[in-house]
Amino acid sequence: MNHPNIFDYTQLKQTRDISCTVCIIGSGAGGATLAAQLTQKGHDVVMLEAGSNRYVKHFDMDESTAFTNLYQEGGLRATEDLSLSILQGATLGGSTTINWTTCFRTPERVLSIWRDRYGLTDFTEEYLKPYFERIEKRLNINPWPEVIANENNKVIVRGAKKLDWEYSVLRRNVKGCANSGFCGMGCPVDAKQGMLLTTIPDALNAGMRLFCNTQALQLNTSSTRVERVVGEVIDPTTKKKTGVRVNVNAKIVVSACGAINGPALFLRSGLNEKNIVGKRTFLHPVIGVAAEFDSPINGFYGAPQSISSHQFIDRGPDKIGYFLEVAPTHPILASTAASSFGKNQQLFMKRLSNLSFLIAIHADGIHHKDEGGVVSLRPSGRPKITYPTSPTLTEAFAHSHKSLAQLSIAAGAKRCHTMHVQGPVIQNQSDISKLDTHEYGALKHGVFSAHQMGGLPMGRDPNVSVVNPQFRHHTIENLYVVDGSVFPTALGVNPSQTIYTLSLLASEHIEEKLQQI
Amino acid sequence: MTTSLLALNLQETKNITPKAPLQLLNEKEYSILVAVADILLPHNPPFPSASQIDIAGKVDAVMATAGPEQQEEFRLVLFLIENPSVGALLSLQLAPLSQLDKKEKNQRIEDWRTGIPQLRSAFKALNGICNGAYYADKKVIQIIGYDGPPEAIIAIRKAQGYQ
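Just so you know, the protein sequences line up as chains A and B, in that order.
First residue of the first sequence? That's 1 in our numbering, and the numbers climb one at a time after it.
First residue of the second sequence? That's 1 in our numbering, and the numbers climb one at a time after it.
The hints are simulated quantities; they were obtained by calculation from the structure and are not laboratory data.
Here a beta-carbon is modelled for each residue, glycine too, at the ideal position from N, C-alpha and C.
Some clues are possibly wrong.
Where chain B lies over chain A, by a calculated footprint (3+ residues, C-beta under 8 Å) [said to hold, decoys possible]:
hint: 1; region: 67-79
hint: 2; region: 176-182
hint: 3; region: 322-336
hint: 4; region: 343-349
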């Protein structure tokens, strides 16, 4: 967007030192929501964003352009063994610029775990309700009517009705949505009420200075304070560091660069005394099946997600639960999900118009033994992600594959394909038992993530958490974390609204701290 | 065995001249990638082969912006898939991949796709990035029935002065 308070690669040619009251690292759901609150209270805020200042002008609905310019690592982010592909925003507005707009309030069943296990005693539905309502109003979060759901989403409706499974319409943060289906490439008509159109302009208009193409390399700290944020300008074309530094001295520093990049920043800064940074990283691992129909589905058009089923979110205390949604079927996304090659792959892709991509999203970290993944550092300082598939998760993958196959066939699919390396073709309900003989887990079938959480968890006990319930680091008194990395567990719902909501709450704690400085 | 494998390692990759200046790979790596991509995405009318639309060149451009570790790993994967000693351990095919016939090349790729986890990872890396470049091609997406952005949305954007 054009704004005199935005500085980017084209202007940042010489090292500069900046002072401000609050330095926020990251412009996504957590950082931007916070920035709007603090600037409106008159605080001097500087925001660093590693991605570029791209907006509607650049959102040309081309998948290739979008992955290259808007996603972490050009869309190639993955676990170290490549078993799990990770979709995560890397642009102004963070993942809110490229997400599929699905919004949920934090479920009470998750809040109760956070209260009981992690001491977050304030986190009740009742306490958070006004914050939920404020963000719903600001971002125009409303149900998307079932009648205008696309055929891809209607597969869930048809299947769930036939099987008597729970399903519901989703709520989306859009205003004047053209139902185009290109949310994942940046909204082409400025309808998505992500941070780009809402809280970032709010903050800029209230005086925030925004440095794009500027990655926070390190936090220079004393024993109790962040003394300086060391940033470096990134060339948006080559994605290489330029050597031009942007150094920020701030009374308060906020890490809001998301799970994965946030823990990596802490590790690069040597902030890992308890050896828990980057651990308990949750990815909501996703598996999928492609259901093939006689009639066109055209899952690349229409709101990407508008129906979900939480039929299997609670499978008992010893099992990992999951929820069901669909993914859009644009060619690159669809092709990289498939596990075959050669003519088989081409023939599969030729049926794309008639395919529905049903996904199961697993609620990791809630099961008491589920530790999720780990973020550590590569020699270059970039994050390395490992995510072992536990036996509990393997069991959940087996169960969810069968559920998706069952749903597909009930919805009228003539056949469905799993993303196994050597998977069966399922043509009727009795074929579903074929899935019993297949293996599940890393590199046995496709696994994806569009939700990254944890790694800098919140809690009362400094031995098992990085920040306290006021979002402040347990020992670095002017360092806060405000993004999905503070989640002590995954959610079992799409996480953006929880991040917005917690950010509103965090702004009050930071405001209180600023009054004391 | 070691001596013969060493000798086989010295066999030359079938060289293919890049269609445009390379940004990351050297010519040998590019040639290996061309051979692999044509197995992953063969000429299969109406589908063009990967080499007909220079998928290797596009992948080279993508990998030029990747992190240093990813670049190193990608180059290693290309070396390993071409290297006859690795191929020999798996399928007794002793020649470099780029010199195998079509059936043998397919078999080597299939061995990687279904092999030990490290080979599966390598297959995923190559297959994913080649598919990503292939299904970005306008001719290919027409073949699979994807008409691209809706005219109505393009019209809205044009009215706003955007492409």
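Against the structure, the hints:
1. 67-79: Check passed, 6 qualifying residues.
2. 176-182: holds (count 3)
3. 322-336: holds (count 6)
4. 343-349: The restraint on the region 343-349 of chain A holds, since 4 of its residues have a Cβ under 8 Å from chain B and three suffice.
When each numbered hint is compared with the structure, no violation occurs for any of them.
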